[in-house]
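Engineer: Put the complex together from the two separate chains, hints included.
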Amino acid sequence: MAKAKHPILVLAGAEQGDLRALEDYRRAGGYASLEKARKLGPGATLEQIKQAAVRGRGGAGFQMGQKASFLPSPGQAKSPIYLVVNADESEPGAFKDREIINRVPHRLIEGIQIAALAIGAERCFVYIRGEYLSEYEVLSAALAEAEAAKLVSVPILVHRGAGAYICGEETALLESLEGKRGQPRSKPPFPALVGLYNSPTLINNVETIATVPKVIELGGEAYAKIGVKDSTGTRVFSLSGDVVRGGNYELPHGTSFRELIYDCGGGIAAGRKLKAIIPGGSSSPVLPADQVDLSMDFDSVQKAGSFLGSASVIVIDERACMVQLALRIGQFYMNESCGKCTPCREGTRWIEMILRKIEQGRASHAELDLLADVCDRVLGKCLCALGDSDAMAVASYVKHFRAEFEAHIEQGGCPYGDTSSLAGVRSPVDEIYRGRIGQEAAL
Amino acid sequence: MTGLFAEIQAVAGRYPEPKSAVLPALRLAQEHYGHLTPEALREVASALGTTPAYCRGIASFYDMFHLAPVGEHMIDVCTNASCALVGAAQVLEAFERELGIRAGETTPDGRITLRSAECLGGCGSGTVVSIDERYRQPVKPEDVPAIVEELRRG
Chain D
1 MAKAKHPILV LAGAEQGDLR ALEDYRRAGG YASLEKARKL GPGATLEQIK QAAVRGRGGA
61 GFQMGQKASF LPSPGQAKSP IYLVVNADES EPGAFKDREI INRVPHRLIE GIQIAALAIG
121 AERCFVYIRG EYLSEYEVLS AALAEAEAAK LVSVPILVHR GAGAYICGEE TALLESLEGK
181 RGQPRSKPPF PALVGLYNSP TLINNVETIA TVPKVIELGG EAYAKIGVKD STGTRVFSLS
241 GDVVRGGNYE LPHGTSFREL IYDCGGGIAA GRKLKAIIPG GSSSPVLPAD QVDLSMDFDS
301 VQKAGSFLGS ASVIVIDERA CMVQLALRIG QFYMNESCGK CTPCREGTRW IEMILRKIEQ
361 GRASHAELDL LADVCDRVLG KCLCALGDSD AMAVASYVKH FRAEFEAHIE QGGCPYGDTS
421 SLAGVRSPVD EIYRGRIGQE AAL
Chain E
1 MTGLFAEIQA VAGRYPEPKS AVLPALRLAQ EHYGHLTPEA LREVASALGT TPAYCRGIAS
61 FYDMFHLAPV GEHMIDVCTN ASCALVGAAQ VLEAFERELG IRAGETTPDG RITLRSAECL
121 GGCGSGTVVS IDERYRQPVK PEDVPAIVEE LRRG
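Protein chains in written order, with my numbering: chain D, 1 to 443; chain E, 1 to 154.
Keep in mind the hints are simulated off the structure, nothing from the lab.
Possibly wrong hints are sitting among the right ones.
[As the list claims (entries may be wrong)] Counterexamples of contact, computed for chain E against chain D with all Cβ distances above 12 Å: (1) 3; (2) 5; (3) 38; (4) 82; (5) 133; (6) 148; (7) 151.
[To be verified] Pair by pair, the computed Cβ-Cβ distance ranges are: (8) D:370 to E:6: 41 to 47 Å; (9) D:78 to E:67: 37 to 43 Å; (10) E:14 to D:17: 30 to 36 Å; (11) E:110 to D:78: 18 to 24 Å; (12) E:140 to D:293: 32 to 38 Å; (13) D:187 to E:154: 46 to 52 Å; (14) D:412 to E:110: 40 to 46 Å; (15) E:14 to D:302: 37 to 43 Å; (16) D:273 to E:154: 43 to 49 Å; (17) E:110 to D:186: 24 to 30 Å.
The beta carbon of each residue, even a glycine, is placed where N, CA and C say it ideally should be.
Okay, chain E solo, but in the shape it has when bound (with noise of 0.2 Å):
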């Protein structure tokens, strides 16, 4: 038994029934795996009782769980409604430049993932970024050579 199927069991254990874990155990394991492998959801699956294909179902639902490999950092660069019209398209045109990737790929070190997103719930003063869900803002284009360095440095 691994630490990451007792890890999920522990955590079962709080509901009143275990499969209302699926979502916890699914981030317990994208943080062992780096995503979810096919290995990560049978031991998921495992661990709850239930089928890896019924663990997939479920990732694939939900934004924040990767079934492909993904970068070491994760940007999601809010481009919604309220960020929009304070310059959203521009932030994420300036993280593209400065990765030299497309938003919705990974750098091809394999370091970092660019992706826009829907609203983060911080629109009071946009543009919003979700870097490693800790959230930035407001960014502006011109803060965004300074943060990849940053992670690039990280």
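Bound conformation, chain D alone (with noise of 0.2 Å):
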């Protein structure tokens, strides 16, 4: 398999199986990252995240280093740093953090401890997301294992969050680890100068935070050789969808999405054709079939119109309806919005109402104009991303596939019948407004 010449750094030494018990992980290396940024001190330890310009492995992208850079020194901050690890997983298509937490949990503790030095942080969290409950069970376990090995300097509290997607967004997971509605905060202020209990506050994903051992074990220059320009170093893609063999693929940035669906995942069954590929869960917008060749790097797919996002590749072959892909997605979004802000809270449940309309085959040509001008209304408007998620995604299916919803519109119906593979797909929103939606007034 093409993937056996690519370094593993992440999930290394996990390679054949779990690597969950402290003595296997410092057999395999772990921990002299640790003791080599003790060595090193805040300062040094923190140039070398920044030289290896690791982008957040969490969905926006943004640069470790710098994200960190904008926190206060130590010594000038009036009140504590706090580090808060991200592992709220929740973008639909992403499994990486639970496989990283499964998998190699010391090394995400190792990564703790050393960007905590790094910062200066007094505490750390880790936000896990309530549905993760052996997850936590096995990070718990091996955070045992590392205080009384005395490897945990700074005190890690695992916190388990209680179903709700919205509380990945950062400020919406500050918000409910303080005890509050996960409820986005508006920006600015950033969490770096006023986060957790309005203190200075680094938020990183899990993969990120469990990037640094190998960052500081290699230098962040040579880490930094790994991958592409501006992409540095590996990543967890999370492979799902209809692909021969799902699961996740540890791979340098620059990787095309042809390696990493054919070569790794086995192309897709019965030899049907792709159609569509989500390039970085269900947020990005999707890209076309002919974009198979794409390198898998931040800028590559922003380039092409979408985002890598959390690097959660789902593959769609020739068998699925677009209109009802978009609807489940509309559905979604419009279960999670939390409510705070108007153009969200309105637009998602517009967005949904339409698509709900063009599938069924109920809609007018007029409402697929709308539903741009929804999306529209809603996209640069909202106080978080999730908003932007929505409205992105929906028009990209527009954009791409704008016959299938011309055809429904026309044909009064899913011009697939019972073939897609999608037909007779619900969402939770249907639990909750059964009988009232679907029977909404002529718009």
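Structural biologist: Below, the structure is given as structure tokens:
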């Protein structure tokens, strides 16, 4: 398999199975980077992270070193500096953080300790999504082992969420961690200055933090040589959908979608044709099949009109009705909108309602235009990225597969009939609004 | 003072501010009472030094809290994009058929609640089904009768 020749960093040592026990992790060289960082000291450690140019793995792709440099230096901070790890992985298509926690929990703990040292953090919090009960147990067990071995000098508290996608948004996460409803804050001020309990806070994704030990081991400059310019290092790609071997594959940035889907994932079953690719979780605009040779790095995917996001690649084959897929994604954002800001609260509902009418064959051409208009009224006008995600994703389905939307309108129903791979799919909003949705008054 | 009250206060002591413990506190109360009854909310509020209405407002925001009775067993079937592409609709239908209820409902004997769920983070091998917070994947429609039988027995 092609992946063997690539460097494995985040999942190193766990290629054959989970690397959960402290003893095994140490035998694989674990916690040597923490020791090295302690010798380097905070300034030099942070410098290595900056040189590595690690971009955030959670979705936004902001450079970790740069984000950390917005924090006050420990001597100047008027209140404690906190490090918060975002393990609220909930983006449809993403399951890499779960795998990292399951397979190399100590690498995450080691990364947390190194990052905490680099920024002078007083305490660390891991916000793990509530549904990840097994992963919470794995991480807690690893933490207890690391604490007993006196490897944890900055205390870590693992905090379980309780089921809300929006808590993956960093300021919503902070609100939730403070014991409030998980609703995003207005920015600025950014968390680096006013974060958890109004204290300076660095928030990073699990994979980003789990990258840090290897950055210190290899050195920032050497790490930056892996991958491509402006997208350094490896990435744990979550591969799912219509593919033979779904799963997580760690590959360097710059690998093509084709290599991931066909070489690692074994392609599409029964010789079916690729129809589209979602490159970075459901929030990222869909790409048509002719983009399969595109390089998986931040800039290339952005130039193609989408974004790499959480590197969660969803493969869609020729059986899928794209209107049904857009509707299911629209239902997700409507269900998860926190209701704080008007464009998102109203917009996600309108988008879902129009998509449903189109899918059921009850819409007019004017309503397809109205859908574009609503997306436009949401985009760039919300407190956080949730509304944007809905609007951008849905607009991309219309842009690339407009003929399918028009066919629903003209034929008064789904041209695929029961043959679509998504036929009959339902969502939680169907349960909430059963009997009411679908009977909306004519627009 | 009940055991629950003391347990909540102990958890709250681990955080810089006690109110941060509202999620673990509500989880403990839900485990104790089965769902978040008015009594449960009052107890959480008093242990954390806040009000029952505040706790209710928090509980209603998060999917894993229940303000009304639910079954002894909870089945969440992911129907989001990746699972939908590989047949989540048929898996959900198989559970409905086997249980004789619709998604969002509880069996008349109060044993099992069935819900469709948003992405559970197991997309690589769908359909992902969470049963009492433990994942099973991949679940195919033909696996469903045995799963339901197991829950009915257990």
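Engineer: Could you run down the list of hints and mark each one as holding or not?
Structural biologist: Now for the hints, and whether the structure bears them out:
1. 3: Residue 3 (chain E) is indeed farther than 12 Å from all Cβ atoms of chain D, at 20 Å.
2. 5: Holds, because the least Cβ-Cβ distance between residue 5 (chain E) and chain D comes to about 17 Å, which exceeds 12 Å.
3. 38: holds, 19 Å
4. 82: violated, 4 Å
5. 133: violated, 4 Å
6. 148: holds, 19 Å
7. 151: For residue 151 (chain E), whose nearest Cβ neighbour in chain D is about 17 Å away, the distance exceeds 12 Å, so it holds.
8. D:370 to E:6: 41 to 47 Å: For residue 370 (chain D) and residue 6 (chain E) the Cβ distance comes to about 57 Å; the hint is violated.
9. D:78 to E:67: 37 to 43 Å: For residue 67 (chain E) against residue 78 (chain D), whose Cβ atoms are near 40 Å apart, the range 37 to 43 Å holds.
10. E:14 to D:17: 30 to 36 Å: This hint holds: roughly 33 Å between Cβ atoms.
11. E:110 to D:78: 18 to 24 Å: 54 Å Cβ-Cβ, so the 18 to 24 Å window is violated.
12. E:140 to D:293: 32 to 38 Å: holds, 33 Å
13. D:187 to E:154: 46 to 52 Å: Since the Cβ atoms of residue 187 (chain D) and residue 154 (chain E) sit about 48 Å apart, the hinted range of 46 to 52 Å holds.
14. D:412 to E:110: 40 to 46 Å: holds, 43 Å
15. E:14 to D:302: 37 to 43 Å: holds, 41 Å
16. D:273 to E:154: 43 to 49 Å: holds, 44 Å
17. E:110 to D:186: 24 to 30 Å: Violated - the Cβ-Cβ distance for residue 110 (chain E) and residue 186 (chain D), about 44 Å, lies outside 24 to 30 Å.
Hints 4, 5, 8, 11, 17 from the earlier list are contradicted by this structure; the remaining hints agree with it.
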